[in-house]
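Q: Make the full structure from the sequences, and use the hints.
There are 2 protein chains.
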Amino acid sequence: MKIKTPAISLLFASVMASSASVIATEPVQPISPVKEINLAQVELGKKLFFDPRLSKSGFISCNSCHNLSMGGTDNLKTSIGHKWQQGPINSPTVLNSSLNIAQFWDGRAADLKAQAGGPIANPGEMASTHTLALDVLQSIPAYTTEFKQVFGSDKINIEQVTQAIAEFEKTLVTPNSRFDQWLLGNKNAITKQELAGYNLFKQVGCTACHNGEALGGNSFQKMGLVKAYKTSNKAEGLSGVTGKDADRFKFKVPTLRNVEMTYPYFHDGEAATLTDAVDVMGKLQLGKQFSKTENAQIVAFLKTLTGDQPSFLMPILPASVDETPRPAPFE
Amino acid sequence: MKIKTPAISLLFASVMASSASVIATEPVQPISPVKEINLAQVELGKKLFFDPRLSKSGFISCNSCHNLSMGGTDNLKTSIGHKWQQGPINSPTVLNSSLNIAQFWDGRAADLKAQAGGPIANPGEMASTHTLALDVLQSIPAYTTEFKQVFGSDKINIEQVTQAIAEFEKTLVTPNSRFDQWLLGNKNAITKQELAGYNLFKQVGCTACHNGEALGGNSFQKMGLVKAYKTSNKAEGLSGVTGKDADRFKFKVPTLRNVEMTYPYFHDGEAATLTDAVDVMGKLQLGKQFSKTENAQIVAFLKTLTGDQPSFLMPILPASVDETPRPAPFE
Chain W
1282 MKIKTPAISL LFASVMASSA SVIATEPVQP ISPVKEINLA QVELGKKLFF
1332 DPRLSKSGFI SCNSCHNLSM GGTDNLKTSI GHKWQQGPIN SPTVLNSSLN
1382 IAQFWDGRAA DLKAQAGGPI ANPGEMASTH TLALDVLQSI PAYTTEFKQV
1432 FGSDKINIEQ VTQAIAEFEK TLVTPNSRFD QWLLGNKNAI TKQELAGYNL
1482 FKQVGCTACH NGEALGGNSF QKMGLVKAYK TSNKAEGLSG VTGKDADRFK
1532 FKVPTLRNVE MTYPYFHDGE AATLTDAVDV MGKLQLGKQF SKTENAQIVA
1582 FLKTLTGDQP SFLMPILPAS VDETPRPAPF E
Chain E
1282 MKIKTPAISL LFASVMASSA SVIATEPVQP ISPVKEINLA QVELGKKLFF
1332 DPRLSKSGFI SCNSCHNLSM GGTDNLKTSI GHKWQQGPIN SPTVLNSSLN
1382 IAQFWDGRAA DLKAQAGGPI ANPGEMASTH TLALDVLQSI PAYTTEFKQV
1432 FGSDKINIEQ VTQAIAEFEK TLVTPNSRFD QWLLGNKNAI TKQELAGYNL
1482 FKQVGCTACH NGEALGGNSF QKMGLVKAYK TSNKAEGLSG VTGKDADRFK
1532 FKVPTLRNVE MTYPYFHDGE AATLTDAVDV MGKLQLGKQF SKTENAQIVA
1582 FLKTLTGDQP SFLMPILPAS VDETPRPAPF E
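Those protein sequence lines, which keep their order, are chains W and E. Going by our numbering, the first sequence wraps up at 1612, each residue one higher than the last. Going by our numbering, the second sequence wraps up at 1612, each residue one higher than the last.
Wrong hints could be hidden among the right ones.
Heads up, the list lumps identical chains together, so a pair's fine if it works in one copy or across two of them.
Unchecked claim - Quick list of in silico lysine-lysine cross-link-like pairs, BS3-like style, CA-CA up to 27 angstroms:
1) LYS1328 <-> LYS1451
2) LYS1364 <-> LYS1515
3) LYS1473 <-> LYS1573
4) LYS1525 <-> LYS1394
Just so you know, the hints here were simulated from the structure itself, not pulled from any lab data.
A: What follows is the structure, encoded as structure tokens:
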């Protein structure tokens, strides 16, 4: 096949110019690929993310509730913790969580590193302690060697553990969704119905909160802005962090990236389907009743936001040794 | 670099001849690589193995108790089932399980296919039913398409599900352990202490039961042959399958492949370390009290049996759709 290089270059330049202008005027931006990363920390953090020995039971790992086979969630209304305790809130996806302004629904952790230590020591989640988790890791020669290689010290500390997990989590971005391909200039990447959904999504004001690279994650908003949200869930959101009454029921706006995979929806997981979620959002946040057609268009658009899922070899964890504290699942 | 081909060929032939003669005279054989496999079934089975939607809770998958990051086990005395029920027996490793004469400690499943359906419908394990599990799979278009591609029919049935899981499990062999390298002629692959351990292992009679490719898995033997085994565990072994009183406390001899990773040991998981396990086996099965040195030699040998762990990309599971039956973790 004969390739006319100059013609292709011109075409490429023209596509890039046109897509750059599309991006500039859109409230949604394509996900940027990960640029700077500490790969040694990533590989260590991946092991820790999958290691159930960070829990008291030896059964629950980060991946149990942020399952990377399932959109970085557990697809449950609220999560299952130590001894099958029912969690208080829906597990948010770990995918693209590096794009969030803060972590947890109420933003109580400033960043991924601050977040990662929480569930390990939460009695309702992994139910360990930082001391015990460190004793476990420190007892395993393959871990002490790897921590030493990565962080340069003989003694493992919780800062290193959370730093490595956070660095791994930074790699969990999902570029290349069909919608991103459209934003980048491939006009055939989405259908007419999906485009109509996007236009409606902008027109009615969804993008007031669901904007940017992650279509969310960058502000706290009241759940039930126009009309109150009814739920038996006890979570009160941002007010628990700021102490301000005005922040009651303000939650971090969830990302809509990969939303087809991250069901069920809302902080209480009470919306089972995207159709339900769009309907409730229209009524409560925008004072708008979507028609069946409108709802279907928006749902069709939302399904274009599924990006390339993280792809990596399943990590093999170093074995415990005789001195390693044993799990206590039934104590 | 100049390579003398004929000389190398001769050397190779000589190594092969010498290793073939070693293998022929040893009670342990190196693990053969997987030869015939249905790759389409393997890829489907891998997804099913990792899919917690085969459980009632949506939280427990095959990989929960046969964790491929941890030697194909959960490293717990006995497993955690639906609603945190305490399992009756130690989860045997799924690694090299295709080499077993039968599955489960009591051999009640003839093969991997027969085994795979058990835990899904066991109320104490995944607590689903085959009907519900099939309804879940059948509702998900990506699964129905893949089952159709693999098995050629529109309707998914439990035979297909267990067949695909079993085919995936057949790939979970762990060749290339240092001991296999030694068997294949690399005399430097194990140390003097490890070789002394192997010689002792043969000499005292461990190989009467722990022999063949898997060093076990090919017979049922009484736990407590010379001296009774004391345990609060209720399992009675093979007699539950055959109905014969003579088969009480007969269990399938577990494989010793990857035994460093598959702690704790015995059907009740009561031996926390290899040192303990070797000590108990010596006393109860052989009527022999190993010295500290002997015990350490055997343990050193056992640690040479860790092979290449299965290496594969973490599977991405197809999302549920609106019609998919939802998990019921707290019902």
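Q: Compare the structure with the hints numbered earlier in the document and write down the numbers of the violated ones, lowest to highest.
A: No hint contradicted; all consistent.
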